[in-house]
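As given, the protein sequences belong to chains U, L, S and X, one line each in that order. The opening position of the first sequence corresponds to residue 1 in my numbering, with each subsequent residue numbered one higher. The opening position of the second sequence corresponds to residue 1 in my numbering, with each subsequent residue numbered one higher. The opening position of the third sequence corresponds to residue 1 in my numbering, with each subsequent residue numbered one higher. The opening position of the fourth sequence corresponds to residue 1 in my numbering, with each subsequent residue numbered one higher.
Mixed in with the good hints, there may be bad ones.
[What the hints assert, rightly or not] Okay, derived cross-link-like pairs now, SDA-like style, lysine to any residue, Cα gap no bigger than 20 Å in a straight line: (1) S:K51 <-> X:S85; (2) L:K88 <-> X:V174; (3) U:K439 <-> U:Q494; (4) S:K98 <-> U:R157; (5) U:K24 <-> U:L42.
What the hints contain is simulated information worked out from the structure, not anything from laboratory work.
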Amino acid sequence: MVSQLPVLQVILPLMAAPLCLLLKRSTLVWLFCLIVSFLSLLISILLVQQVSTSGPIDYAFGGWDVPWGIGYRIDQLNVLLLIVITAMSSVVLIAAKESIAREIDPEKHVYFYILYLLSLSGMLGIVATGDAFNIFVFLEITSLSVYALIAMGRHRRALWASYQYLIMGTIGATFILIGIGMMYQMTGTLNITDLSVRLAELPQKRTILTAFVFIIVGVCLKLALFPLHLWLPNAYTYAPSIVSAFLAATATKVAIYLLIRFTYSVFGPSLSFAAIPLQTLFMALGLVGIFVASVTAIYQTNVKKLFAYSSIAHIGYMILGFSTGTVAGLTATLLHVFNHALMKSALFLALAAVMLRIGSVQLSSMQGLGRQMPWTMAAIVLAGLSLIGVPLTVGFVSKWYLLVAIIEQGNWVVAGLILMGSLLAVIYVWRIVEVAYFKEPATAQKGDVLEGAAGGSTEAPLSFLIPIWLLVGANIYFGIDTRFSTQLAQSAAQSLFGVSP
Amino acid sequence: MDLVISISSGICLLLGSFICVSGSIGLLRFPDFYTRMHATSVTETSGVALILIGLMILSPDLLVFAKLVMILLLGLLIGPTTGHVLAKAAYHNGLKPKLTKSGNEQSSVPSSERGGDISKS
Amino acid sequence: MFIGLANTWVAILLMMIGLYIVIAQGNLIKKIIGLTLFQTSVFIFYISMAKVEGGTAPIFSSDISIYSNPLPHALILTAIVVGISTTALALSLIVRIKEAYGTIEEEEIQGLDEEQD
Amino acid sequence: MLLKDLFAVTMLLSIYGLLSATFFVAMDAVDVAFTEASVGAGISTLLLLVVISVTGRRERRVRHKPYAALFVVILTSMLLVFGTSDMPYFGSADAPIHNHVAPRYLNDSMQEINVPNIVTAVLASYRAFDTFGEVVVIFTAGIGVLALMSVSSKALSKSQPLNRPRGLYEQHLVIRIVAKTLFPFIFLFALYVQFHGDFGPGGGFQAGVIFAAAFILYAMLFGLDAATKVIKPAVIELLAALGVLLYGSVGIVTLLNGGNFFDYDYLLADPIAGQHLGILIIELGVGITVTCVMIMICFGFSLRRRAYEQKVAIRPKEGAV
Numbered sequence: 001m002v003s004q005l006p007v008l009q010v011i012l013p014l015m016a017a018p019l020c021l022l023l024k025r026s027t028l029v030w031l032f033c034l035i036v037s038f039l040s041l042l043i044s045i046l047l048v049q050q051v052s053t054s055g056p057i058d059y060a061f062g063g064w065d066v067p068w069g070i071g072y073r074i075d076q077l078n079v080l081l082l083i084v085i086t087a088m089s090s091v092v093l094i095a096a097k098e099s100i101a102r103e104i105d106p107e108k109h110v111y112f113y114i115l116y117l118l119s120l121s122g123m124l125g126i127v128a129t130g131d132a133f134n135i136f137v138f139l140e141i142t143s144l145s146v147y148a149l150i151a152m153g154r155h156r157r158a159l160w161a162s163y164q165y166l167i168m169g170t171i172g173a174t175f176i177l178i179g180i181g182m183m184y185q186m187t188g189t190l191n192i193t194d195l196s197v198r199l200a201e202l203p204q205k206r207t208i209l210t211a212f213v214f215i216i217v218g219v220c221l222k223l224a225l226f227p228l229h230l231w232l233p234n235a236y237t238y239a240p241s242i243v244s245a246f247l248a249a250t251a252t253k254v255a256i257y258l259l260i261r262f263t264y265s266v267f268g269p270s271l272s273f274a275a276i277p278l279q280t281l282f283m284a285l286g287l288v289g290i291f292v293a294s295v296t297a298i299y300q301t302n303v304k305k306l307f308a309y310s311s312i313a314h315i316g317y318m319i320l321g322f323s324t325g326t327v328a329g330l331t332a333t334l335l336h337v338f339n340h341a342l343m344k345s346a347l348f349l350a351l352a353a354v355m356l357r358i359g360s361v362q363l364s365s366m367q368g369l370g371r372q373m374p375w376t377m378a379a380i381v382l383a384g385l386s387l388i389g390v391p392l393t394v395g396f397v398s399k400w401y402l403l404v405a406i407i408e409q410g411n412w413v414v415a416g417l418i419l420m421g422s423l424l425a426v427i428y429v430w431r432i433v434e435v436a437y438f439k440e441p442a443t444a445q446k447g448d449v450l451e452g453a454a455g456g457s458t459e460a461p462l463s464f465l466i467p468i469w470l471l472v473g474a475n476i477y478f479g480i481d482t483r484f485s486t487q488l489a490q491s492a493a494q495s496l497f498g499v500s501p
Numbered sequence: 001m002d003l004v005i006s007i008s009s010g011i012c013l014l015l016g017s018f019i020c021v022s023g024s025i026g027l028l029r030f031p032d033f034y035t036r037m038h039a040t041s042v043t044e045t046s047g048v049a050l051i052l053i054g055l056m057i058l059s060p061d062l063l064v065f066a067k068l069v070m071i072l073l074l075g076l077l078i079g080p081t082t083g084h085v086l087a088k089a090a091y092h093n094g095l096k097p098k099l100t101k102s103g104n105e106q107s108s109v110p111s112s113e114r115g116g117d118i119s120k121s
Numbered sequence: 001m002f003i004g005l006a007n008t009w010v011a012i013l014l015m016m017i018g019l020y021i022v023i024a025q026g027n028l029i030k031k032i033i034g035l036t037l038f039q040t041s042v043f044i045f046y047i048s049m050a051k052v053e054g055g056t057a058p059i060f061s062s063d064i065s066i067y068s069n070p071l072p073h074a075l076i077l078t079a080i081v082v083g084i085s086t087t088a089l090a091l092s093l094i095v096r097i098k099e100a101y102g103t104i105e106e107e108e109i110q111g112l113d114e115e116q117d
Numbered sequence: 001m002l003l004k005d006l007f008a009v010t011m012l013l014s015i016y017g018l019l020s021a022t023f024f025v026a027m028d029a030v031d032v033a034f035t036e037a038s039v040g041a042g043i044s045t046l047l048l049l050v051v052i053s054v055t056g057r058r059e060r061r062v063r064h065k066p067y068a069a070l071f072v073v074i075l076t077s078m079l080l081v082f083g084t085s086d087m088p089y090f091g092s093a094d095a096p097i098h099n100h101v102a103p104r105y106l107n108d109s110m111q112e113i114n115v116p117n118i119v120t121a122v123l124a125s126y127r128a129f130d131t132f133g134e135v136v137v138i139f140t141a142g143i144g145v146l147a148l149m150s151v152s153s154k155a156l157s158k159s160q161p162l163n164r165p166r167g168l169y170e171q172h173l174v175i176r177i178v179a180k181t182l183f184p185f186i187f188l189f190a191l192y193v194q195f196h197g198d199f200g201p202g203g204g205f206q207a208g209v210i211f212a213a214a215f216i217l218y219a220m221l222f223g224l225d226a227a228t229k230v231i232k233p234a235v236i237e238l239l240a241a242l243g244v245l246l247y248g249s250v251g252i253v254t255l256l257n258g259g260n261f262f263d264y265d266y267l268l269a270d271p272i273a274g275q276h277l278g279i280l281i282i283e284l285g286v287g288i289t290v291t292c293v294m295i296m297i298c299f300g301f302s303l304r305r306r307a308y309e310q311k312v313a314i315r316p317k318e319g320a321v
């Protein structure tokens with residue numbers, strides 16, 4: 001059974017989704033989803049050990065060897081993403097029951113869990129597969145379930161946000177399909193390893209370049225890189241809080257994985273970086289993205305939209321690391337994938353708790369919340385610090401590695417700009433702290449809003465506090481003992497550059 | 001023997017395609033909805049039937065022949081029904097046929113009403 | 001050069017028409033129709049790639065030797081189903097938007113949102 | 001741009017779908033033509049018509065911002081034209097795709113899988129996981145539409161059945177009689193397509209759509225309540241889930257028998273019979289899921305339309321953001 005792990009990783013949540021439809025009651029379905037999510041976390045941990053001991057695992061579907069059938073290839077890069085996705089989905093699921101009880105009608109809870117499991121299995125499918133067309137199919141599964149999840153938001157703007165995301169996402173996915181079609185036309189195969197071999201020895205380069213540009217534009221649409229990020233703020237703001245927590249932690253990370261996989265494994269660094277000035281383009285886009293997103297984040301009144309813009313800024317950091325094109329830069333990006341997931345899920349879960357208690361995440365309605373919800377606001381402050389990159393937190397580690405990678409290349413200007421970007425982050429985190437702690441609570445006229453749980457305690461329920469503080473603890477722990485995360489990111493980066501770890 | 005087959009099927013095919021062509025010309029030339037609809041539905045059923053008969057004569061073995069017979073029966077059943085339903089829907093939606101030559105006073109009902117919601121029909 | 005790639009030109013033309021409709025049109029249903037057009041053009045690109053001169057449909061029969069390539073056909077069957085699923089979901093969103101906003105014109109929806117801010 | 005009447009636009013789209021189906025036949029892609037005709041021209045037109053009956057036929061304000069669109073379109077078309085310069089010519093037999101992976105499907109699939117329709121062999125055996133992903137995509141769309149469209153049960157009870165004038169159904173007498181004679185043949189044809197997928201064009205998807213089309217025709221003619229009495233929505237949801245589970249369980253059985261996922265050689269003692277059995281069950285799973293999802297989507301839309309028309313309180317109370 002151990003050799004079947006790669007398939008079980010994807011099949012378990014995939015088969016569990018229709019099963020949820022058979023168990024009618026939503027608490028039963030919630031427990032079932034929780035067990036499935038933790039099981040897939042267990043499988044990804046086993047996969048990490050297997051890959052670190054015996055190197056990449058190959059798995060051929062249907063017994064047909066690779067270029068003819070579909071093959072899975074799990075190496076260090078996949079495993080890092082699998083761990084992040086399954087861990088984030090399990091932690092977010094713990095708080096799901098309470099949160100959706102308030103935000104979604106009771107009839108639709110079972111549908112919510114089915115769509116949640118489908119988007120989880122879709123993401124695992126994208127990350128684990130070694131076949132180009134299979135990436136497109138699982139990309140569609142994730143996207144469709146995410147469109148439906150966002151549209152289940154309470155406010156009517158959730159529908160409009162989901163529609164816009166659907167249009168942009170489908171154009172992106174079709175661009176990827178055109179890119180895959182062109183690659184298939186020139187080489188005749190769809191398997192990634194086979195593709196990289198045959199693409200390298202092809203004399204004529206024009207179609208390959210176009211395929212590369214199409215795939216990169218499609219992936220950047222999914223990635224919400226600076227010019228193509230218009231769908232992200234509304235999608236994360238008006239979606240149910242649990243969905244925005246899950247998306248913030250995993251959706252853009254899968255797109256980053258696709259970017260790295262296509263540039264390094266399929267097209268090879270030589271073609272992708274030499275032919276078109278990808279490095280300078282991405283560095284510029286990353287920097288502009290950081291500044292524009294951080295500045296707009298400062299002026300937001302809705303805290304969820306504020307953190308959505310800060311997500312776009314942090315994607316800018318990841319793209320900066322990627323654009324250096326060196327092993328150190330790639331390690332910084334992969335490290336930031338890991339750390340950013342921790343930061344953002346903690347923040348959005350805390351906001352889910354705030355939404356649960358006071359029914360709104362507007363900055364004006366969060367006045368003086370520091371006293372009503374001490375634990376949740378403390379979690380937001382700590383995660384905010386880690387967002388800025390204060391030492392002893394996860395944010396500092398990934399910013400540090402990013403700065404080292406950039407300075408190694410010698411352009412100090414970019415390093416300076418990154419530090420300036422962190423200062424902007426200080427401003428918008430400070431705005432929340434100021435409202436929560438230094439403004440006295442305006443409860444006079446909104447007395448009833450703070451309907452507390454039994455016994456009038458207005459603090460978030462335990463089912464929220466455990467995951468939030470689990471994540472904040474992880475933020476701190478991985479900020480200090482960075483061995484696990486950096487070792488994982490290091491080996492993944494080196495495996496991509498062909499350097500044996 | 002095959003001379004007879006090819007001639008008869010040729011005739012059927014030619015006739016069927018001529019009917020279809022005349023139907024489409026009718027679609028363009030006729031004044032209002034009902035006459036156009038009449039032209040297309042009549043020719044569509046008979047034209048297709050003739051072409052199918054022509055093909056049947058040419059068909060090499062029994063299986064192809066049986067399939068063509070099925071298609072012919074289906075076509076004969078569905079052609080007139082669609083014509084009927086189209087006319088009924090138009091009539092219920094208030095589209096009056098244009099009876100007089102000048103066709104001004106009884107022309108089709110003002111377009112605002114004609115553009116009514118489909119759900120009414 | 002030109003005649004040999006006629007199939008790709010047609011696919012490109014349809015692709016650009018579809019993309020143009022999706023971006024330029026304001027009505028939500030017309031955007032979906034543009035999207036369908038855009039996706040169908042990609043199918044035409046794949047299937048015309050698979051055709052072999054003088055080959056027949058990839059259904060095995062003893063007397064035929066040259067067949068067209070079956071792999072793009074299998075891929076496009078998946079892509080058509082993906083296209084229809086996206087259309088179905090988008091149309092259900094449009095119905096919900098019509099109920100919530102009362103309109104399916106992009107301008108009016110944006111206007112209603114700004115009003116509320 | 002010119003047509004403000006959405007109804008005409010839908011009809012043109014349906015004609016376009018049919019034309020692309022004939023194009024696929026010309027390109028020797030018979031399976032794809034079958035699916036495009038039934039799905040592209042059939043179901044998408046149907047869905048568009050139901051949505052138009054809710055949102056109205058007239059496009060109120062023609063907003064037409066060509067500049068942004070022109071810029072994007074010109075950019076992508078220049079890129080595409082640049083990209084096509086060294087693509088293999090149309091129909092050339094020496095193109096890379098005809099001599100790398102495909103020859104094995106053409107030459108060996110008869111010995112390995114013994115299924116005449118090679119597209120079904122590729123779809124259901126060589127790349128079975130793709131089709132599994134595809135069935136899950138259909139299932140996701142069905143659940144997504146249900147999640148958005150499902151009218152809460154209390155709202156449903158309040159909305160009394162459409163008291164269409166008794167006469168209205170009587171008026172459709174002709175088409176009801178014709179439809180009644182046609183139903184058995186439609187179902188028979190759907191089953192033929194389902195199980196004929198190995199030998200000729202056909203398979204799970206096309207059969208599922210035809211099967212669903214018959215039910216939808218029944219619902220349109222004899223009213224939604226008569227249709228929901230024939231097939232209860234709850235049963236449809238369960239069947240959709242069972243279809244996906246049936247497909248996945250074939251993989252799990254091969255897993256337990258020791259082979260890799262979807263390796264049908266391990267299903268039965270004789271590998272060829274195992275392949276046949278595997279493909280048969282998979283097509284059945286696909287057929288069930290596609291039928292149920294198409295029915296779910298259409299019934300979801302029409303139930304929602306009825307609730308919307310009767311202004312039943314279906315919109316959840318506006319939550320603050």
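Open item on the list: Tell me if the straight-line CA distance from S:K51 to X:S85 falls inside 20 Å.
Closed with: Holds, at roughly 19 Å.
TODO: Would you mind confirming whether the straight-line C-alpha gap from U:K24 to U:L42 stays at or under 20 Å?
DONE: 27 Å, violated
TODO: Starting from U:K439, check that the Cα of U:Q494 is at most 20 Å away, please.
DONE: 50 Å, violated
Open item on the list: Would the hint linking S:K98 and U:R157 be met if the CA-CA limit is 20 Å?
Closed with: 12 Å, holds
Open item on the list: Check whether the Cα positions of L:K88 and X:V174 lie no farther apart than 20 Å.
Closed with: 10 Å, holds
Hint compliance for this structure: hints 3 and 5 are broken, all remaining hints hold.
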